[in-house]
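Visitor: Produce the entire structure from the sequences given, and follow the hints as far as they go.
Those letters in the sequence shown? Residues 12 to 170, per this note's numbering, in order.
No farther apart than 25 Å at their CA atoms in a straight line, the calculated lysine-lysine pairs in the DSS-like style are these:
#	residue 1	residue 2
1	Lys-123	Lys-80
2	Lys-123	Lys-62
3	Lys-50	Lys-76
Listed next, with one range per pair, are the computed distances between beta-carbon atoms:
#	residue 1	residue 2	range
4	Phe-144	Asp-73	20 to 30 Å
5	Val-107	Pro-45	13 to 23 Å
6	Asn-95	His-121	19 to 29 Å
7	His-92	Lys-123	12 to 22 Å
If you are wondering where the hints come from, they were derived from the structure by calculation, not from laboratory data.
All figures in this text were calculated on a predicted structure; none of them were measured in a lab.
From the three backbone atoms N, C-alpha and C, an ideal C-beta is built for every residue, glycine too.
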Amino acid sequence: MKNLLILLPLLLGASAAPLAAQAPALQGNGCQGPPSDVKLYVDVKGLRSSKGLVAVTLYADDKSKFLVKHGSIYVGRVDAHAPNTRVCMNLPRTGVYALGVYHDEDGDRHFKRNFVGMPVEGFGFSNNPGTFFGLPQFTAVRLNVPHGGYETTVNVRYP
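Guide: In structure tokens form, the structure reads like this:
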């Protein structure tokens, strides 16, 4: 649990990355990030409201950059639509990636925690690993995205 409290603010690099890196432009095809032929469609499920934004952080296949300051490729954000929101992410190329997701209910682009450091906003990871005892291992959240793209589901959990 201690690891969860320490690392959760870095979950999405939301307060660490420059604003331009946090909010890549929405492309004409409705996808987040720099234009690409490789797409990742993320179905974010279990949102308790349509308030705010859904933030999806994309990480490269590099354990040393997962959940660390400035470690993400970019953060894509879209309006939340309860109970499910679909997010399209442009990927640099095919390959292995990891995702961190949170429901930014107040739309302030920061992952909220209470006075003891516990999450207040909903969050999840690719492959939906358990987080009861802390943050997941990198190997538990890796996704292999082939040519033609990939679809995945992330279930949001609220405290």
